[in-house]
Amino acid sequence: MTSKDELETLIARVSMGDRAAFEKLYGQTSPKLFAVCLRVLHEPGLAEDVLQSVYCRVWQGAGQYRANGFSPMAWLITLAREAAVDHLKQHGSPAKPAVTDFPDRLSFDTEALAMASSEAQALAYCMKSLPPEHGAMMKAAYLDGVDYSDIARIDGVSPETARGWIRSSLLQLRDCLS
Amino acid sequence: MTTSMDTAQTDLWDAAAGEYVLGLLPEDERAMFEVRLASDVQLEQDVAAWSLYFSGFAEEIEDVVPPPQIKRRIESELFPGPPKNVLLTVLPYLLGAVLSGLAAWIAVEAGLLELL
Numbered sequence: 180m181t182s183k184d185e186l187e188t189l190i191a192r193v194s195m196g197d198r199a200a201f202e203k204l205y206g207q208t209s210p211k212l213f214a215v216c217l218r219v220l221h222e223p224g225l226a227e228d229v230l231q232s233v234y235c236r237v238w239q240g241a242g243q244y245r246a247n248g249f250s251p252m253a254w255l256i257t258l259a260r261e262a263a264v265d266h267l268k269q270h271g272s273p274a275k276p277a278v279t280d281f282p283d284r285l286s287f288d289t290e291a292l293a294m295a296s297s298e299a300q301a302l303a304y305c306m307k308s309l310p311p312e313h314g315a316m317m318k319a320a321y322l323d324g325v326d327y328s329d330i331a332r333i334d335g336v337s338p339e340t341a342r343g344w345i346r347s348s349l350l351q352l353r354d355c356l357s
Numbered sequence: 040m041t042t043s044m045d046t047a048q049t050d051l052w053d054a055a056a057g058e059y060v061l062g063l064l065p066e067d068e069r070a071m072f073e074v075r076l077a078s079d080v081q082l083e084q085d086v087a088a089w090s091l092y093f094s095g096f097a098e099e100i101e102d103v104v105p106p107p108q109i110k111r112r113i114e115s116e117l118f119p120g121p122p123k124n125v126l127l128t129v130l131p132y133l134l135g136a137v138l139s140g141l142a143a144w145i146a147v148e149a150g151l152l153e154l155l
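Here the protein sequences line up with chains H and Y, keeping their order. According to our numbering, the first sequence is numbered sequentially starting from 180. According to our numbering, the second sequence is numbered sequentially starting from 40.
Okay, chain H solo, but in the shape it has when bound:
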């Protein structure tokens, strides 16, 4: 796995127009970002288009990385996830199965988690203190683009109730994470 420092150096070089660094950054990060696009969109063709737009943004916006306090991988994942969810919300994806329920238990892959960043491990740990369904709703918002009206429909409550749940769980999560 590529270290945080190495990725930061590559991003800094990309911001100065270094094509070799861009190629290396693509080689080291595109498998994760493509996996995120595929997970959100469920359709390889769409995921490829979104991935292309994401790396064009990385080339053009690498200079903005330092200012915002992300880790390099979190910054790249955020760009890919936002682009994929925006595409999903605007154009849909024919291959995407509709979210019809939320699991009672939010499971994290323990093997993958052992390799994950300390933030991902903290998220998994703190999610355990929330009502399990709320954690699943947050994950579905992040990776499936569901909104409050979707949550309300699936759970048979009003969007306001759904929002109250999520907001109170977010504050609980903040207290645990900080």
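Quick caveat, the hints were computed from the structure, so don't treat them as lab data. Possibly wrong hints are sitting among the right ones.
[Claimed, not checked] Some, not all, of what chain Y presents toward chain H, calculated at C-beta under 10 angstroms:
{"id": "1", "residue": "Asp53"}
{"id": "2", "residue": "Ala55"}
{"id": "3", "residue": "Glu98"}
{"id": "4", "residue": "Leu117"}
[Unchecked claim] In silico DSSO-like links for lysine-lysine, alpha-carbon gap of 30 angstroms or less:
{"id": "5", "chain 1": "H", "residue 1": "Lys183", "chain 2": "Y", "residue 2": "Lys110"}
{"id": "6", "chain 1": "Y", "residue 1": "Lys110", "chain 2": "H", "residue 2": "Lys275"}
{"id": "7", "chain 1": "H", "residue 1": "Lys307", "chain 2": "H", "residue 2": "Lys275"}
{"id": "8", "chain 1": "Y", "residue 1": "Lys110", "chain 2": "H", "residue 2": "Lys268"}
No experiment lies behind these values; they were computed from the predicted model shown. We put the CB at the ideal spot given by N, CA and C, even for glycine.
Mind docking chain Y on chain H? Use the hints.
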């Protein structure tokens, strides 16, 4: 001194930052949030922190190597036109041809060949 009103305000914005990162903030509130985000460093840090933690949802997704043509498509979008190094590749041969032609011409003109 932190009043309960301050705490309520902090909670309001902290939760909104979480909703913003999850894509749950309703359209009109999102626009207002982004106006404040552009000038509020603390809020920007909150958004960065939520983004950092929620990217954990993506970390456990197993990597998938994209097909090789995607890289070519990205490069042709970002760096259009023929690759700059085509000329550089041909240049030594071109230069070699010109120089050897010149040498032959000089040899003939100077009568060097007649000496052999």
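Verification of the hints:
{"no.": "1", "hint": "Asp53", "verdict": "holds (5 angstroms)"}
{"no.": "2", "hint": "Ala55", "verdict": "holds (8 angstroms)"}
{"no.": "3", "hint": "Glu98", "verdict": "holds (4 angstroms)"}
{"no.": "4", "hint": "Leu117", "verdict": "holds (5 angstroms)"}
{"no.": "5", "hint": "Lys183/H - Lys110/Y", "verdict": "holds (23 angstroms)"}
{"no.": "6", "hint": "Lys110/Y - Lys275/H", "verdict": "holds (25 angstroms)"}
{"no.": "7", "hint": "Lys307/H - Lys275/H", "verdict": "holds (28 angstroms)"}
{"no.": "8", "hint": "Lys110/Y - Lys268/H", "verdict": "holds (26 angstroms)"}
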